[in-house]
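K.L.:
Here's the letter readout for the chains.
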Amino acid sequence: MANNSEVQTIKLTAKDYKSDQDVRWCPGCGDYSILAQVQRTLPDIIEKEKAKVVWVSGIGCSSRIPYYINTYGFHGIHGRAPAIATGVKVANPELDVWVATGDGDLLSIGGNHFIHTCRRNVDLKILLFNNRIYGLTKGQYSPTSEKGKITKTSPYGSVDYPFNPISLAIGSGATFVARAIDVNPKHLQEMIKRAGGHKGTAFLEIYQNCNIFNDGAFSLLTDKDTKDDNILYLEHGKPMVFGKDLDKGIKLDGTKPIIVDLTTGSFTKDDILVHDEFSAEPILAMILAHITDDPAFPTPIGVFRQIQKETYDGAIASQIDFVTEKRGKGDLKKALFGANTWEVN
Amino acid sequence: MANNSEVQTIKLTAKDYKSDQDVRWCPGCGDYSILAQVQRTLPDIIEKEKAKVVWVSGIGCSSRIPYYINTYGFHGIHGRAPAIATGVKVANPELDVWVATGDGDLLSIGGNHFIHTCRRNVDLKILLFNNRIYGLTKGQYSPTSEKGKITKTSPYGSVDYPFNPISLAIGSGATFVARAIDVNPKHLQEMIKRAGGHKGTAFLEIYQNCNIFNDGAFSLLTDKDTKDDNILYLEHGKPMVFGKDLDKGIKLDGTKPIIVDLTTGSFTKDDILVHDEFSAEPILAMILAHITDDPAFPTPIGVFRQIQKETYDGAIASQIDFVTEKRGKGDLKKALFGANTWEVN
Amino acid sequence: MPEVKEKKIETLSDVTVRFAGDSGDGMQLTGTQFSDTTAWVGNDLSTLPDYPAEIRAPAGTLYGVSGFQLHFSSSDVNTPGDVPDVLVAMNPAALKKNLPELRPNGTIIVNTDSFDPKNLKLANYERNPLEDDTLNGYHVHEVPITSLTKNALEDSSLSLKEVSRCKNFFALGIMYWLYNRPLEKTEEWLKIKFKNKPELAEGNIKAMKSGYNFGEITEIFTTRYKVDPANLPKGTYRNISGNEATALGFLTASVKSNLPIFLGSYPITPASDILQYLSNYKNFGVKTMQAEDEIAGITAALGAAFTGHLALTSTSGPGMALKAEAIGLAVMTELPIVIVNVQRGGPSTGLPTKTEQADLLQAFCGRNGESPVCVIAAQTPRDCFYQAIEAARIALKFMTPVILLTDGYIANGSEPWRIPDIEDLPDVHKEFRTEKEGFFPYIRDENLARPWAIPGTPGLEHRIGGLETDDITGNINYEPDNHDKMVRIRNQKIQNIANDISDLKVYGDDSGDLLVLGWGGTYGTLKDAVHLARKNGYKVSHAHLRHINPFPKNTKDVLKSYSKVLIPEINLGQLASLIKSEFLIEVEQQNLVRGLPFKTEDVLGKITELLGGNNGK
Amino acid sequence: MPEVKEKKIETLSDVTVRFAGDSGDGMQLTGTQFSDTTAWVGNDLSTLPDYPAEIRAPAGTLYGVSGFQLHFSSSDVNTPGDVPDVLVAMNPAALKKNLPELRPNGTIIVNTDSFDPKNLKLANYERNPLEDDTLNGYHVHEVPITSLTKNALEDSSLSLKEVSRCKNFFALGIMYWLYNRPLEKTEEWLKIKFKNKPELAEGNIKAMKSGYNFGEITEIFTTRYKVDPANLPKGTYRNISGNEATALGFLTASVKSNLPIFLGSYPITPASDILQYLSNYKNFGVKTMQAEDEIAGITAALGAAFTGHLALTSTSGPGMALKAEAIGLAVMTELPIVIVNVQRGGPSTGLPTKTEQADLLQAFCGRNGESPVCVIAAQTPRDCFYQAIEAARIALKFMTPVILLTDGYIANGSEPWRIPDIEDLPDVHKEFRTEKEGFFPYIRDENLARPWAIPGTPGLEHRIGGLETDDITGNINYEPDNHDKMVRIRNQKIQNIANDISDLKVYGDDSGDLLVLGWGGTYGTLKDAVHLARKNGYKVSHAHLRHINPFPKNTKDVLKSYSKVLIPEINLGQLASLIKSEFLIEVEQQNLVRGLPFKTEDVLGKITELLGGNNGK
Ligand SMILES: Cc1ncc(C[n+]2csc(CCOP(=O)(O)OP(=O)(O)O)c2C)c(N)n1
Ligand SMILES: Cc1ncc(C[n+]2csc(CCOP(=O)(O)OP(=O)(O)O)c2C)c(N)n1
Ligand code: SF4
Ligand code: SF4
Ligand SMILES: [Mg+2]
Ligand SMILES: [Mg+2]
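Residue numbers (my numbering), protein chains in the order written: chain A, 3 to 347; chain B, 3 to 347; chain C, 3 to 619; chain D, 3 to 619.
This is chain A alone, in the form it adopts within the complex (with noise of 0.2 Å):
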């Protein structure tokens, strides 16, 4: 339903990011958190021109979030939401994009469009919550399961490997690469904005919590006990060290990370490996992406990769400035004419 509020003069805040649907996801879902820092966060992305953002879905929990946003929203089909967005950006290059999506959306069925939005550089600003399950379909496992996970269609474990979505994302090309946890909304906040700030295909990894079907799958992130150790917050710039007391470290060895003791006096804070988010070559945000799988290392959050290269809408949009100068405004008439005609008299 439409909302016929007046263009606002003053800055908007998070109250007019809110629509007035009723909010249908179970009580106690990571959704929440992840609207709420979205309704929070937009204000400052987007600071006047709440008509210009649209937010694109395809289906799944997490693609019913449009609905509950006060902006232009269109809720498509599965796996779908890159593709349809990617539409709707090149068709007006002014409006500010976000895909909500699924790990089931979009790695699954839209694992497709996901890596050729990516390898385009679309302008889209993909937000992926990340529950390792199927949550509308009520608890299948999911391209982001983990392998032998017992679920409604594993009732022996899956056989499947999981993806690991940042290095597809990785693999496939992506300008802007990030991860973040429901729980944790600031950081949210931050990385929501990094993305908004980016020029390109900017994709979001959110672990997010589904406590029905698949409840604590991020807990060693997020439990007061074991997150500090189990965390590495990559900041642009300092080296990477972690634990509660910030005593650990990773360094490399060749290409190879190892994690380093800063209290045994072997190792100072000159040896730990500094991050770079904006190196030409995805090779350290590879290691990242990597070490998230392997149980010994901490999970980095925050901005794997973020590099600047033209977007394929913006592409689409100079190449038609450039041939309408070359060329002129095209003339209808002669284009019906086209090379060869002749007179009947």
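Calculated directly from the structure, the hints in this document are not laboratory data.
A few of these clues could be false.
[Stated by the list, open to error] Within a straight-line C-alpha distance of at most 30 Å, the following computed DSSO-like cross-link-like pairs (lysine-lysine) qualify: (1) D:Lys-487 / C:Lys-601; (2) B:Lys-149 / A:Lys-328; (3) A:Lys-335 / D:Lys-258; (4) D:Lys-487 / C:Lys-566; (5) D:Lys-193 / A:Lys-331; (6) B:Lys-229 / B:Lys-140; (7) A:Lys-331 / D:Lys-195; (8) D:Lys-566 / A:Lys-335; (9) D:Lys-558 / D:Lys-399; (10) C:Lys-195 / A:Lys-149; (11) A:Lys-226 / A:Lys-149; (12) A:Lys-201 / B:Lys-151; (13) C:Lys-487 / C:Lys-399; (14) A:Lys-258 / A:Lys-271; (15) B:Lys-253 / B:Lys-188; (16) A:Lys-13 / A:Lys-195; (17) A:Lys-258 / B:Lys-311; (18) D:Lys-208 / D:Lys-258; (19) B:Lys-328 / A:Lys-149; (20) D:Lys-438 / A:Lys-50; (21) C:Lys-152 / B:Lys-328; (22) A:Lys-336 / D:Lys-199; (23) A:Lys-140 / C:Lys-566; (24) B:Lys-328 / C:Lys-197; (25) A:Lys-226 / C:Lys-163; (26) B:Lys-151 / A:Lys-258; (27) C:Lys-487 / D:Lys-98; (28) C:Lys-558 / D:Lys-98; (29) B:Lys-140 / A:Lys-240; (30) B:Lys-151 / A:Lys-311; (31) C:Lys-199 / A:Lys-151; (32) C:Lys-195 / B:Lys-336; (33) B:Lys-140 / D:Lys-399.
As the structure is a computational prediction, the values presented were derived from the model and not from experiment.
Go by the hints and put chains B, C and D with the ligands onto chain A.
P.N.:
Then chains B, C and D with the ligands, alone, in the frame of chain A:
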């Protein structure tokens, strides 16, 4: 049409793998060489049981190859060969299942099945005939065409960045990743054998000249004058040197590869990066994948990476064995009765 | 202890009850227990769960209401009942949502404890319906179920939350008392279910018994009811839902044909169950692949079909649309595969949790080119079992894709099923070709089926694909005459199936004023409606199509034997258009596209309308 | 110099020629030049290229033969001709492949130089057909075209290979002489084409002139022919193929509606041209996206439709199957989009380079649920222009997906087209909603179209999607009554289009013994056949449907005015089944599914058969 030859008791030859169908590629097409190397190599890979070989393909010039190989073959629909082949292999893990596909077939419409096949590590040998163009549909750009390419559908130059297929395969978890060139028969044969010998998803990218719609796409790597300076042959345990006189080498500066001149005396072979096909982490492979896109670097040819892990088809079979062992062979009557019955007398 | 009055016992032939409460209130479980016990005492029955679309809607909301309807009788039951006679409403939202459907004069049992301001507001009640005239005209039994449960479990070691979760068993206890059912089945079940948490089993049992005693002791209920056992055929029975029956049908076809199942599928409501059930049968050699999408599901299955498996794929409407291209490939390669479409409300994502019959034409012609497939439809939950076998049988015998249509209503609904003797079931089988002499991949048998020569068979190496194939050799062939011939052969092969299926049967007289013709999940309703109309003296009969492409051979004769034909469908007239085009006869239509099964009275009304108020005389 | 005899000139009204040779022989080019010149001298004409399925089949093979057929006349031309009168055969394979279709007694010009043992073998000729009785009954002109071309270009600076490539222009020269056509158009064209390689232009021109002179001078040809200009309406003409016309129609709709085009498409034969042509019009603001697959193509286009563009997607059969789910989304979201299906031979991959009409039912109902869309079909190459505009007009006005069906035959075929005045073309337009007052996304206008409020419009923020929508507010709504209502509204909206389209027109009398009813690319053939039958005294008329869903309002009346209705189709009877189901009338069918257009004589034969040999009297 069936070939009613007797079960062979002596070693087969290339001729045994020739079907009775006329080969219908354009004269001069690189596909001929690939077909020849396949036919030459198959007898070495699969010694006697021709009937256990299955070739599956999608749609494209390249995808016609099953008709020319006298084994079982399934010419599928566009993009779906990896999925069809997965069904074949899971149904009968005894079979040797090969996928022949093009850059449009595998990476455009078929991208999703490709990355999921890599993720699952299905025991398939995927030969990508990469001619960087849509051949069969007469010359539109493909997801491996360079940006700016002028084709029928991009008269002002394409605005798409290409995929780096090796990077994509690595990003999606492939366990065997290699590259060869159509006109390099010996090396191509070796790569086909290596792929054939791998247990798990083997991805072999073959640079293939389409002399009609994209002639000379790989001429830097095939012309006598330029090829030595532009190809880096990867060999496990060997330093990465190249050039006509093997006088240039690759060295790592942190995670960044640089080219060094071995003739100045500043560097010796010992400074040079040594190839490790079997590294557990895909970092070295990723570095090599990405120098392909850098015109300053030679193009690596050979095996980028090979690791071992359980295959999807293998895991499905083991799970069946395990459950059957544990619960006994299924009893239909019991299954029909279920948990809760009553009698009506 | 209060004095126990002797209560009146009334015998009924037919009762429909509906349990309704919040999603968290365990209504599905309560309903299932009541069904199981009811089946066990020998009634015929039919059930219909009604889940909310949300996974876990916030407690107390209208869209969070979960319902379970059950129709049981001392005679034949064909539907879960049009309108409930009894409603158990665990909260205001459940009352609000279900009241409109209750029979006038019906009985309501409410949990008064939940009628607090917060819940009333969540249910959009401005005033407490227990206190105004909302419930006038109903028999209302107000029971403080929550507090009574708490009282009963005062001494238990369970937490308050756990205690409160037992309240549905208190309600069940009341219902058991009311309808004179034994507690033992549920008691047993609870003991097994909570064998690791005996205190929970005990708590629930105690709650149930307290509910039972509450009925016995209090003055609220003056009458209890008896529904005598139905006269069912002898045998061993179980309850079965449509999706479970489909899965078991395939399992049976697999065992009978000695071909392992390969199911390539992608989860989708309301079809996911089939994948879920079949995943359990690993020790039958069943291979299930949860594919990355519907296209991978069916194409992998086609790969397995090529390789000699019993190939299956299961989905619902939108997923079916995605499989269209691959079904065409199955037609061209003439591989045996069964595609199950558990229809739901459409178009597009539509109404995922609601039922519909609107994918019939899609099954017929939702592909490019002349692409004929066999289409069959199941008509009740248990019929899914037989039609799954039939689909597999035809697919293998004729080397063709078969589309099996079921729908959300019969897929989720359940009914008692007399478990058949395996030997009595139809023969499902197909030989692989191994003989080299005279082998060609597109040579045909008397039914026009081509041979099945699977990879691994020495000497039969051959290639198949989606390009037009040469008659006999199977090579690529672009010749005009060959194409025309092959188009007709593929079509004829499907028509030949008509020689291999049973005639369309008629319930009622062989001719008359009206034939009610249906297909799929409306079976029970149409049958009941026709039964009632006939009782009222109308000359009306009922026929229900299971085979839709091709139609049974006698279809035309049947249609022509009645003055009028009425086709009720949960779509805008899809079977009607096929019948009109095929037989050029006028038909009457009844189309209600409400995401719900038909009601008997809707159809009865239409029959009466068509035949006139004077009983057709 | 030999003596020049005066040659006889014969006037003909109607000629069909076919150029045939190896793919490398430039036959398409030769044919196009002959057409252009023929059009320029004022004949009406129609052309049909026939490419091999292979990209570049090996030289000399049968499957490497490339043909170009051209029918020209001093009166109306509706088809490229049933059977050629003249065959130019550049090699044995071309002769072998095309001879069976030549008119008995027809003329053959062969390049004798190519009849060497190697080429004869490649063409599967056991003996040289020039030396046995194969060509008895034809007028054969044996010309050593290759050597004559070489002789003519002896002094040129071109390489031998280049010289040999000029031989098609020698052949063209002969044909120009034979049919009395001027050389100047082709001369001009060659000069522009090879402006950077003038020696090539010169060589080809010289070859052509030598061919012309060869006809003049030698004794081989005794007669030349004249085909007078046709009586065509005044105006400026061009040749146009169906795919080019489709692209230009959309471009026109874009300019007229002031909406930039967004075309999301994936290449596929024979539809790729549309994407290719439209990619050239960047300076019209046309946005083309070569998507990763057909699904991305249409869903991106839907995104662009939401954002206020003229949204298009183009494909052929298998690609159409893949778009099914997304078309359902377009139906539910009620967004304007045109989906072009250039039909080819099916099912599955089928016959990619051949024509067919077998995707009609797929267009109608190839989706889940009740998912009605508007379906229209173009009937000739130039008609594609008008139907593209019509499709865009309806899509925008009714906020609906429209499926535009063309086929490989009219897509690749070409004909002269009188370029219309832009002002005379239909109005295509749609206002965006900007008014906030009273806005709801699913409020409707008098046609039942909903408003188009595009992102960026302040105050009209709203959400759409594939779940069932609430009437008016567009919120998600799962209620039974709303669903039934919306299903009917969506259907009624499509039916309303019937109020906005022109009546079905009849060629011939308004009533009679037989109506030949067609749709799509068979137009010209049916018209010709009916024309000939009428000349023979039969009471037969012709009507051709452009709007198929909904049918024009007078369709029933038209059908009922004839004793019989014949529906010829290149499928097994798809329009026939729609007509039967909609109007309950018996129809006669003629179905040839050979990947080829009908021949006039086929249809004429059927008419005669139906009406009896005695001219229907
Ligand atoms: C074409 C199609 N296939 C399948 C479905 C069923 N479906 C809906 S959502 C979903 C997956 C949901 O998982 P995810 O994307 O991880 O989202 P979540 O619910 O976990 O947020 C599936 C399989 C569908 N709606 N459409
Ligand atoms: C569903 C579908 N979409 C499109 C096509 C048309 N098509 C056939 S092959 C092809 C691409 C060919 O390119 P590639 O895979 O690179 O193979 P190549 O011919 O270059 O070997 C396309 C677009 C098709 N056959 N089916
Ligand atoms: S099912 Fe899981 S993901 Fe979906 S709303 Fe409930 S808690 Fe959230
Ligand atoms: S078009 Fe290109 S890829 Fe295809 S057969 Fe010809 S040369 Fe080979
Ligand atoms: Mg999920
Ligand atoms: Mg290619």
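K.L.:
Hints first: check each against the structure and report whether it holds.
P.N.:
Here's how the hints hold up against the structure:
Taking the CA atoms of Lys-487 (chain D) and Lys-601 (chain C), the gap is near 18 Å; set against the 30 Å cutoff, the hint holds. Note on Lys-149 (chain B) and Lys-328 (chain A): the hinted pairing holds, with a Cα-Cα distance of about 20 Å set against a maximum of 30 Å. Distance restraint check for Lys-335 (chain A) and Lys-258 (chain D): the Cα-Cα separation of roughly 12 Å lies within the 30 Å cut-off, and the hinted pair is therefore satisfied. Under the criterion of a C-alpha separation no larger than 30 Å, the hint pairing Lys-487 (chain D) with Lys-566 (chain C) is consistent with the structure, at around 27 Å.
Between Lys-193 (chain D) and Lys-331 (chain A) the CA atoms are separated by roughly 28 Å; this keeps the pair inside 30 Å, and the hint holds. With a CA separation close to 28 Å, the supplied pair Lys-229 (chain B) and Lys-140 (chain B) stays within the 30 Å bound. With a C-alpha separation of about 25 Å, the suggested pairing of Lys-331 (chain A) with Lys-195 (chain D) holds against the 30 Å cut-off. For the suggested pair Lys-566 (chain D) and Lys-335 (chain A), the alpha carbons sit about 45 Å apart, so the restraint of at most 30 Å is broken.
Restraint check for Lys-558 (chain D) and Lys-399 (chain D): the C-alpha separation of about 25 Å stays at or below 30 Å, so the hint holds. Using a Cα cut-off of 30 Å, the hinted pair Lys-195 (chain C) and Lys-149 (chain A) holds, with the two alpha carbons roughly 28 Å apart. Taken as a hint, the Lys-226 (chain A) and Lys-149 (chain A) pair is honoured in the structure, with Cα atoms around 26 Å apart against an allowance of 30 Å. Taking the CA atoms of Lys-201 (chain A) and Lys-151 (chain B), the gap is about 24 Å. The hint holds against a cut of 30 Å.
Annotation: proposed proximity of Lys-487 (chain C) to Lys-399 (chain C) holds, straight-line Cα distance about 21 Å (limit 30 Å). Of the pairs offered as hints, the one joining Lys-258 (chain A) and Lys-271 (chain A) holds, with about 18 Å between alpha carbons and a cut-off of 30 Å not exceeded. A hinted pair counts as satisfied when its Cα atoms are at most 30 Å apart, and Lys-253 (chain B) with Lys-188 (chain B) qualifies at roughly 28 Å. A hinted pair counts as satisfied when its Cα atoms are at most 30 Å apart, and Lys-13 (chain A) with Lys-195 (chain A) qualifies at roughly 16 Å.
Among the hinted pairs, Lys-258 (chain A) with Lys-311 (chain B) is consistent with the structure: their alpha-carbon atoms are about 20 Å apart, no more than 30 Å. This hinted pair does not check out: Lys-208 (chain D) and Lys-258 (chain D) have alpha carbons roughly 46 Å apart, beyond 30 Å. For the proposed pair Lys-328 (chain B) and Lys-149 (chain A), the alpha carbon gap of about 20 Å is at most 30 Å, so the pair holds. For the hint pairing Lys-438 (chain D) with Lys-50 (chain A), the CA-to-CA distance comes to about 18 Å; that is within 30 Å, so the pair holds.
Distance check on the hinted pair: Lys-152 (chain C) and Lys-328 (chain B) sit about 43 Å apart at the alpha-carbon level, beyond 30 Å; violated. Distance restraint check for Lys-336 (chain A) and Lys-199 (chain D): the Cα-Cα separation of roughly 27 Å lies within the 30 Å cut-off, and the hinted pair is therefore satisfied. A hinted pair counts as satisfied when its Cα atoms are at most 30 Å apart, and Lys-140 (chain A) with Lys-566 (chain C) does not qualify at roughly 46 Å. Of the supplied pair hints, the one linking Lys-328 (chain B) and Lys-197 (chain C) holds, its CA atoms being roughly 22 Å apart against a limit of 30 Å.
Annotation: proposed proximity of Lys-226 (chain A) to Lys-163 (chain C) holds, straight-line Cα distance about 26 Å (limit 30 Å). This hinted pair does not check out: Lys-151 (chain B) and Lys-258 (chain A) have alpha carbons roughly 38 Å apart, beyond 30 Å. Taking the CA atoms of Lys-487 (chain C) and Lys-98 (chain D), the gap is near 23 Å; set against the 30 Å cutoff, the hint holds. Distance check on the hinted pair: Lys-558 (chain C) and Lys-98 (chain D) sit about 49 Å apart at the alpha-carbon level, beyond 30 Å; violated.
A threshold of 30 Å between alpha carbons decides the hint, and for Lys-140 (chain B) with Lys-240 (chain A) the separation of about 52 Å lies outside it, so the pair is violated. A hinted pair counts as satisfied when its Cα atoms are at most 30 Å apart, and Lys-151 (chain B) with Lys-311 (chain A) qualifies at roughly 18 Å. For the suggested pair Lys-199 (chain C) and Lys-151 (chain A), the alpha carbons sit about 25 Å apart, so the restraint of at most 30 Å is met. About 20 Å separates the Cα atoms of Lys-195 (chain C) and Lys-336 (chain B), which keeps this hinted pair within 30 Å; it holds.
Simply put, Lys-140 (chain B) and Lys-399 (chain D) have alpha-carbon atoms about 37 Å apart, too far for the 30 Å limit, and the pair is violated.
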